[in-house]
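From first to last, the protein sequence lines are chains E and V.
According to our numbering, the first sequence is numbered sequentially starting from 1.
According to our numbering, the second sequence is numbered sequentially starting from 1001.
No lab work stands behind these hints: they were computed from the structure.
Be a bit skeptical, because a hint or two may be false.
[What the hints assert, rightly or not] What follows is a set of in silico ranges between Cβ atoms, one per label pair, in the way DEER data are often shown:
| no. | chain 1 | residue 1 | chain 2 | residue 2 | range |
| --- | --- | --- | --- | --- | --- |
| 1 | V | K1042 | E | T100 | 20 to 26 Å |
| 2 | E | S9 | V | K1079 | 27 to 33 Å |
| 3 | E | S81 | V | K1045 | 31 to 37 Å |
[Claimed, not checked] To give an idea of the interface, some chain E residues facing chain V are shown, with a C-beta separation under 8 Å as derived from the structure:
| no. | residue |
| --- | --- |
| 4 | Y33 |
| 5 | K42 |
| 6 | L46 |
| 7 | S48 |
| 8 | E59 |
| 9 | F61 |
| 10 | F65 |
| 11 | S87 |
| 12 | F91 |
| 13 | A102 |
| 14 | G105 |
| 15 | Q106 |
| 16 | G107 |
For each residue, glycine too, the CB sits at the ideal point set by N, CA and C.
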Amino acid sequence: EPEVTQTPSHQVTQMGQEVILRCVPISNHLYFYWYRQILGQKVEFLVSFYNNEISEKSEIFDDQFSVERPDGSNFTLKIRSTKLEDSAMYFCATQRNMNTEAFFGQGTRLTVV
Amino acid sequence: RKEVEQDPGPFNVPEGATVAFNCTYSNSASQSFFWYRQDCRKEPKLLMSVYSSGNEDGRFTAQLNRASQYISLLIRDSKLSDSATYLCVVIPAGNMLTFGGGTRLMVKP
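Generate coordinates for the entire structure from the input sequences, incorporating the hints supplied.
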């Protein structure tokens, strides 16, 4: 069964450092998302991406965040200067079409120290 | 009003019990509805889509009430392995997936 793959599974970084989280979507999927979940809290939307551009983003997704799909396969989330409060689980999700179910990767646990 | 709202629980039920969760949504133009299951520190996994006519998958039944803007999930004959957080996901028209806060279920022996 096709699956969404995320790397790394766990990343520890120092405050102020840049991190890049990677996602390989399911091959025929067109819509891509990043969500985050702080431990014990709800899943929060960060950004959606379609046709090589951001279609929507939340208030959380400020200038420190960026996304791209540089090679047509990997979908990346970059955090330029990490803060302690960026520590969370980051999930990539992909959809084939707008109204279909989304499939999630196993997540990257980001710990900022 | 939150876009998608769920009772956080926890719902503590004995094995074999029937339990039901509701989820309300605010956007009347919402078109697609899903229940996801999330185990601790794992990714959300699709449990079932929710169709207008209602649908059943084994011990799980999902229903949609458009007039009152809620969806429900019924679990019959609860198993210990059903213990998880159940996430309601709604797609408003032309918009991205919107999650409820989740309802935590704990099934006890």
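Here's how the hints hold up against the structure:
1. Between K1042 (chain V) and T100 (chain E) the beta carbons are some 22 Å apart, a value that agrees with the proposed interval 20 to 26 Å.
2. Look at S9 (chain E) against K1079 (chain V): about 28 Å separates their beta carbons, and that is inside 27 to 33 Å.
3. Look at S81 (chain E) against K1045 (chain V): about 33 Å separates their beta carbons, and that is inside 31 to 37 Å.
4. For the restraint placing Y33 (chain E) at the interface with chain V, the shortest Cβ-Cβ distance is roughly 7 Å, inside the 8 Å limit, so the hint holds.
5. Because the smallest distance between the Cβ of K42 (chain E) and any Cβ of chain V comes to about 4 Å, under 8 Å, the interface hint for this residue holds.
6. Interface hint at L46 (chain E): violated, since its Cβ lies 10 Å from the closest Cβ of chain V, which is beyond the 8 Å cut-off.
7. Annotation: S48 (chain E) was flagged as interfacial toward chain V, and the flag holds, the nearest CB pair being 4 Å apart, inside 8 Å.
8. For E59 (chain E), the interface hint is violated, since its Cβ never comes within 8 Å of a Cβ in chain V; the closest pair sits about 14 Å apart.
9. Using the Cβ-Cβ criterion of 8 Å, the hint placing F61 (chain E) at the interface with chain V is not satisfied: the shortest such distance is roughly 12 Å.
10. Taken as an interface hint, F65 (chain E) does not check out: its beta carbon lies about 16 Å from the nearest beta carbon of chain V, beyond 8 Å.
11. The beta carbon of S87 (chain E) comes no nearer than 13 Å to any beta carbon in chain V, farther than 8 Å, and the hint placing it at the interface is violated.
12. The interface hint given for F91 (chain E) holds, since its Cβ lies 6 Å from the closest Cβ of chain V, which is under the 8 Å cut-off.
13. The restraint placing A102 (chain E) at the interface with chain V holds, with a minimum CB-CB distance near 6 Å, inside the 8 Å limit.
14. At its closest, the beta carbon of G105 (chain E) sits 6 Å from a beta carbon of chain V; the interface hint therefore holds under the 8 Å criterion.
15. Using the Cβ-Cβ criterion of 8 Å, the hint placing Q106 (chain E) at the interface with chain V is satisfied: the shortest such distance is roughly 5 Å.
16. Annotation: G107 (chain E) was flagged as interfacial toward chain V, and the flag holds, the nearest CB pair being 5 Å apart, inside 8 Å.
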